[in-house]
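*Asks:* Below are the chains, spelled out letter by letter.
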Amino acid sequence: MQKKYFFIILLIIFVFILHQSLIANFDWRFNLWPVILVFVLFAFNENLALLWGIVSGFLLDLYSILPFGINLITFFLIIFIIYLLAKNFVTNRSFLSFFILCLIAVFLNIGFLFLAQKLFSWFGNLEQIIIFNWSTIFFQILTNIILCIILYFITAKFTKKLKTDLIISR
Amino acid sequence: MSFLKNKFILTTLIIFLIIFFHIVSILSPFEQLIFISFKPFQSVAYSTSNNISLELSEMTIRKNFLNDNKKLNKKINQLEQKIVELKLFIEENDLLINQNKYLKSIGYNFINARVISAGVENNPNLLIINRGANDGVKPEMAVVVENGTLIGKIIKTENKISHLLLLTDNQTKVSASLSGKSEISGIVEGKNNISICLNYILKTAEIEKNDLIMTSGFDEFIPAGLLIGEIDEIENNENQLFKNAQILSPVNLKNLRIVSIVIN
Numbered sequence: 000m001q002k003k004y005f006f007i008i009l010l011i012i013f014v015f016i017l018h019q020s021l022i023a024n025f026d027w028r029f030n031l032w033p034v035i036l037v038f039v040l041f042a043f044n045e046n047l048a049l050l051w052g053i054v055s056g057f058l059l060d061l062y063s064i065l066p067f068g069i070n071l072i073t074f075f076l077i078i079f080i081i082y083l084l085a086k087n088f089v090t091n092r093s094f095l096s097f098f099i100l101c102l103i104a105v106f107l108n109i110g111f112l113f114l115a116q117k118l119f120s121w122f123g124n125l126e127q128i129i130i131f132n133w134s135t136i137f138f139q140i141l142t143n144i145i146l147c148i149i150l151y152f153i154t155a156k157f158t159k160k161l162k163t164d165l166i167i168s169r
Numbered sequence: 000m001s002f003l004k005n006k007f008i009l010t011t012l013i014i015f016l017i018i019f020f021h022i023v024s025i026l027s028p029f030e031q032l033i034f035i036s037f038k039p040f041q042s043v044a045y046s047t048s049n050n051i052s053l054e055l056s057e058m059t060i061r062k063n064f065l066n067d068n069k070k071l072n073k074k075i076n077q078l079e080q081k082i083v084e085l086k087l088f089i090e091e092n093d094l095l096i097n098q099n100k101y102l103k104s105i106g107y108n109f110i111n112a113r114v115i116s117a118g119v120e121n122n123p124n125l126l127i128i129n130r131g132a133n134d135g136v137k138p139e140m141a142v143v144v145e146n147g148t149l150i151g152k153i154i155k156t157e158n159k160i161s162h163l164l165l166l167t168d169n170q171t172k173v174s175a176s177l178s179g180k181s182e183i184s185g186i187v188e189g190k191n192n193i194s195i196c197l198n199y200i201l202k203t204a205e206i207e208k209n210d211l212i213m214t215s216g217f218d219e220f221i222p223a224g225l226l227i228g229e230i231d232e233i234e235n236n237e238n239q240l241f242k243n244a245q246i247l248s249p250v251n252l253k254n255l256r257i258v259s260i261v262i263n
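One line per chain: the protein sequences are A and B, in this order.
Last residue of the first sequence: 169 (numbering that gives the first Met the number 0), numbering continuous.
Last residue of the second sequence: 263 (numbering that gives the first Met the number 0), numbering continuous.
These aren't lab readings, by the way, just hints derived from the structure by calculation.
All values reported here derive from a predicted model rather than from experimental measurement.
Cβ atoms here follow ideal geometry from the backbone N, Cα and C, with glycine treated the same way.
Treat the hints loosely; a few may be bogus.
[Claimed, not checked] Calculated cross-link-like contacts (lysine to any residue; reagent style SDA-like; alpha-carbon spacing at most 25 Å):
| no. | chain 1 | residue 1 | chain 2 | residue 2 |
| --- | --- | --- | --- | --- |
| 1 | B | K74 | B | N97 |
| 2 | B | K38 | A | K86 |
| 3 | B | K6 | A | W121 |
| 4 | A | K3 | B | K155 |
| 5 | B | K6 | A | N132 |
| 6 | B | K6 | A | K117 |
| 7 | B | K155 | B | G179 |
| 8 | A | K86 | B | K74 |
| 9 | B | K38 | A | F5 |
| 10 | A | K3 | B | S104 |
[As the list claims (entries may be wrong)] Over the 10 Å line for every Cβ pair with chain A, so calculated as not near, a few chain B residues:
| no. | residue |
| --- | --- |
| 11 | K6 |
| 12 | T10 |
| 13 | I13 |
| 14 | I17 |
| 15 | I18 |
| 16 | E30 |
| 17 | I33 |
| 18 | A44 |
| 19 | Q77 |
| 20 | K81 |
| 21 | D134 |
| 22 | G216 |
| 23 | E234 |
| 24 | E237 |
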């Protein structure tokens, strides 16, 4: 059991390094963590999603310019809200459900980060370092949607964790 | 402690503990360890990413170069075309200046015209020029080029255009005489639609190769003194009443662009 979690943490570290160093090097910055978290929650369970959220949030906070804990809290809130939605409202395990949850997670992530930045720029002397404009938001949504599609269909093809139905799974 | 069983409350607690430990620097050694241990992996990943990015940007640059090259080639072609046009324009301008200077010096009234096309009929000696009756052009008027060399005459005019028949055409007939020896005269005609001949020269007339042939002024609209060409070859057949002479025009009749119509 401990070995399993150790490997999961290694995987999270690997994804973190890949995400931060490899993907973030391109001209357009984007954050793919909301979709990754929703995917873990959707395809596995909330325990694993919380582990992913804590580890990735902690690592992101270590390297983040925002005050420590913003990413941790954001990821926790995203997982919590998405978990509630998946349990009570978007209960179907089709692609559409996954897509909707991913979109909500992306908007939550943007919203929380925006609020955090505003909050800390009001009360502290923090510069508004994260750029929030239509193009960055659009690019953020677009990259997350692409990852959402890739993750869903690859998982549906190779495992039985997700249904291949697009709108409603039977 | 039952509330700890709720994973979300437990996670919240963990998160606040992490934040608290971070603030009070308890986590500092662990964080340092993470920074140190991640460094090599991050630098490898970052340099890989840089290489990929560089490769991509080089590809983009190469693509841009290709596009720029295409654009520049297109521009060069356009400029070359423009240069050719300008050279043509300069050449035509020089031609026109010489032509005008000469015609003015000998006191002729003239109008310049541009050859706009070959005749629509299947006759290589028929050309269309951009001056017509509205400009005062009339049939039978002389058409000359640089230094007043006669090349043909107008055979038909429309309001805006005229038809020019070159001297090489079999149907062209212009009275001519030898330069300096106006008593020796004849009729200049086209021969086989490719060359010019001076026909009806009296047998007694003394003509030689390289003698210049001018217009004699007997035609209604063609003034005297316009150069036609020089004698190239003389045909003196004893069985015929007259001598004939092949005339070499100094003008290349195949490449006419600007001409002048003598209107007085």
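*Asks:* Each of the hints needs a verdict: does it hold here or not?
*Replies:* Against the structure, the hints:
Taken as a hint, the K74(B) and N97(B) pair is broken in the structure, with Cα atoms around 34 Å apart against an allowance of 25 Å. Restraint check: the Cα-Cα separation between K38(B) and K86(A) comes to about 40 Å, which exceeds 25 Å; the hinted pair is violated. Taken as a hint, the K6(B) and W121(A) pair is broken in the structure, with Cα atoms around 33 Å apart against an allowance of 25 Å. At roughly 103 Å between alpha-carbon atoms, K3(A) and K155(B) are farther apart than 25 Å, so this suggested pair is violated.
Restraint check for K6(B) and N132(A): the C-alpha separation of about 36 Å exceeds 25 Å, so the hint is violated. A hinted pair counts as satisfied when its Cα atoms are at most 25 Å apart, and K6(B) with K117(A) does not qualify at roughly 30 Å. At most 25 Å may separate the alpha-carbon atoms for a hinted pair to count; K155(B) and G179(B) exceed this at roughly 32 Å. Only pairs whose Cα atoms come within 25 Å are accepted, and K86(A) paired with K74(B) is rejected, the gap being roughly 65 Å.
Taking the CA atoms of K38(B) and F5(A), the gap is about 20 Å. The hint holds against a cut of 25 Å. Pair hint K3(A) plus S104(B) does not hold up; C-alpha atoms about 109 Å apart against a cutoff of 25 Å. At the 10 Å boundary, the C-beta of K6(B) falls inside the reach of chain A, the nearest C-beta of that chain being 6 Å off. A beta-carbon of chain A is positioned within 10 Å of the beta-carbon of T10(B); the least distance is around 5 Å.
With a least beta-carbon separation of about 6 Å from chain A, I13(B) fails to lie farther than 10 Å from that chain, contradicting its non-interface assignment. Interface exclusion of I17(B) from chain A breaks down, the closest Cβ pair being 6 Å apart, not more than 10 Å. Residue placement check: I18(B) does not keep its beta carbon more than 10 Å from all beta carbons of chain A (closest about 4 Å). For E30(B), the requirement that its beta carbon stay farther than 10 Å from each beta carbon of chain A is not met, with the minimum near 6 Å.
Residue placement check: I33(B) does not keep its beta carbon more than 10 Å from all beta carbons of chain A (closest about 6 Å). Chain A draws A44(B) into its interface by the beta-carbon criterion, the shortest separation being 4 Å against a cut-off of 10 Å. At roughly 35 Å, the least C-beta separation between Q77(B) and chain A is larger than 10 Å, which holds for a residue marked as non-interface. Its beta-carbon lying about 40 Å from the closest one in chain A, K81(B) satisfies the requirement of being farther than 10 Å from that chain.
Every CB of chain A is more than 10 Å from the CB of D134(B) (nearest about 64 Å), matching its label as outside the interface. The beta carbon of G216(B) is kept farther than 10 Å from every beta carbon of chain A, the shortest such distance being approximately 84 Å. Listed as a non-interface residue, E234(B) keeps its Cβ farther than 10 Å from every Cβ of chain A; the least gap is roughly 86 Å. In this structure E237(B) is separated from chain A by more than 10 Å, as the shortest Cβ-Cβ distance comes to about 97 Å.
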